[in-house]
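K.L.:
Here are the chains, one letter per residue:
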Amino acid sequence: MKDKKLRLGGTDVVLLIVTTAYWVLLLTVFQPCGPKEDGSYMVCHWAGNAILSFNIILEALAIVHLFFRKEGIKAGISIALIVVSGVGITLPGGFIPLCMMETMRCNQLTRPANTIFAVFVIIVAAVDFWLLNKRGKE
Amino acid sequence: MKFVISLARRNLKGRPIRTVALLMLAAFLTAAMFGGTVTVKSLKKGLESYEARLGADIIVVPKETDSHGTVESILLQGVPGYFYMDKSVLDIIGSMESVKNFSPQFYLASATTGCCDSAVQIIGFDPESDFSIQPWIVENYSSSLEDGDVIVGSNIRIPNSGEIRFYNVTCNAVAQLDTTGTGLDSAVYANMNTIQKMMESSDNLGFHYFSKVSFDRAVSSILIEVEEGCDINSVARDINLQLDDAVANPTKSMIAGIAKGLLGTSKIIGTLTFVIWFLATIILIVSFTMIVNERKRELAVLRICGASIRTLSEVLVVESVLVSSIGGLFGIVAASMVIFPFEGVLKRSLQLPMLLPGAGLIFLIAIGALCGSILTCGLTSVICTHKITEKDTGLILREGA
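If you read the sequences in order, they're chains A and B.
Terminal number for the first sequence in numbering that gives the first Met the number 0: 137, no gaps in between.
Terminal number for the second sequence in numbering that gives the first Met the number 0: 400, no gaps in between.
The hints are simulated quantities; they were obtained by calculation from the structure and are not laboratory data.
The reader is advised that the hints may include incorrect statements.
Computed cross-link-like contacts, DSS-like style, restricted to lysine-lysine with a CA-CA straight-line distance of at most 27 angstroms [as the list claims (entries may be wrong)]: (1) B:Lys-62 x A:Lys-136; (2) B:Lys-12 x A:Lys-133; (3) B:Lys-259 x B:Lys-62.
Some chain B residues well away from chain A (every beta-carbon gap over 12 angstroms; in silico) [as the list claims (entries may be wrong)]: (4) Arg-52; (5) Cys-229; (6) Leu-242; (7) Gly-263; (8) Met-289; (9) Leu-363.
We put the CB at the ideal spot given by N, CA and C, even for glycine.
Let's have the full structure, built from the sequences with the hints guiding it.
P.N.:
Pasting the structure below:
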């Protein structure tokens, strides 16, 4: 009989927690600068939206990673997580500019928080990939 | 020794929860030591930088500004502001013999549109008489500052075009100053002609903040350098006797106020670091005692198998050194992830000048914190091991039977 039970590894859970915390905190604590007095948005607003879109992709990948049981597929998703997070780091201040003042919220909170969370995801995904590889060889 | 290390590693692997708990404790201890020391050093460096950048002995500002602490807000926190007094103050100061140099400054605050999405402090200075800003500008820009040129603080990013607009006046950002850790990092410096142009343009754009100010008759502050051998406080007192609407403040008294705040913050951080270290040491002693007590039968079996007391002590010390060094590294990484990326937030919350020390010093602090953690854990385990190895092996084995 085929074993259909969901087997959760440590990295599966950590990946889900980190990616969820990533977008929840981005929407609550680490959001970029608010609208200006005239109601228009600063350039960092669009960077924030782009980060959020990447976070949704990361979250989806983490959920998919949780449900797949084949090591090869899981390893592939881990690589995807590394690539998406890597691109995510370069979004604020790289592909999409942030406000010009270093003292602005987007420069002081959003960008460093985005980098830290993305690095976390990369580390956990890399560990997961290594563990899956090791298990595959055994 | 190879056997000891291998046994210690296997012991740690065999009890993952216990190992993780000890790792977290060591990480917490090292993070507190590293983070606390780096913060205190940054505050000290920030004050030194602020002191050096002020450059003047006395600063003269309008009376109402002095009572509201606006100057400190501008210089320390970078809160943009503007205030003016009559230019006749310059004549009074110029007539005093004890004054060696004096230079006026003109403050403008940019609107939240155009350049920077937030207001920026614009400081106009007279290049001919200035002695406080130009020595710093020379480090980054050797030519003279022409009309329309601006020098920006380290907190303002220069666009690729090199052009920044204030009140519709396009300026060339010719250089960027080094970080000071103060509000001056968020300021823009220009000569008086550029400032005048911005003021006129602001009026045309419908911003009437400066419409009541006559540029030819007003200054915001006057920086004064006193003659050598003269007492700065007495000169400031003499100036105050002659001024009605302005106040002369010795910059040392401004710095003394910040230094007092810094001392208080440093003391709190130092005390907290010590308390955390003390508590962590107590917790480590209790944990190691409990662990060694829990493992006394295991150690007794090893003794029966021929392991000497020295070998057992070595195994336990190696275990604690491994845990403290790995945990310590984690602690340093965790503290670094808070202090370095969020330095700006920390500076804003403390409301004190803050400038991170150089990479070399940070590395030394990290090594010191790591050694402190290893030493604390190592010594704690030595004390606990000594107690258990004093007992008779046979007695230990009979106790648990």
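K.L.:
Decide, hint by hint, whether the structure agrees.
P.N.:
Evaluated hints:
no.	hint	verdict
1	B:Lys-62 x A:Lys-136	violated, 78 angstroms
2	B:Lys-12 x A:Lys-133	holds, 18 angstroms
3	B:Lys-259 x B:Lys-62	holds, 24 angstroms
4	Arg-52	holds, 17 angstroms
5	Cys-229	holds, 38 angstroms
6	Leu-242	holds, 34 angstroms
7	Gly-263	holds, 24 angstroms
8	Met-289	holds, 26 angstroms
9	Leu-363	holds, 24 angstroms
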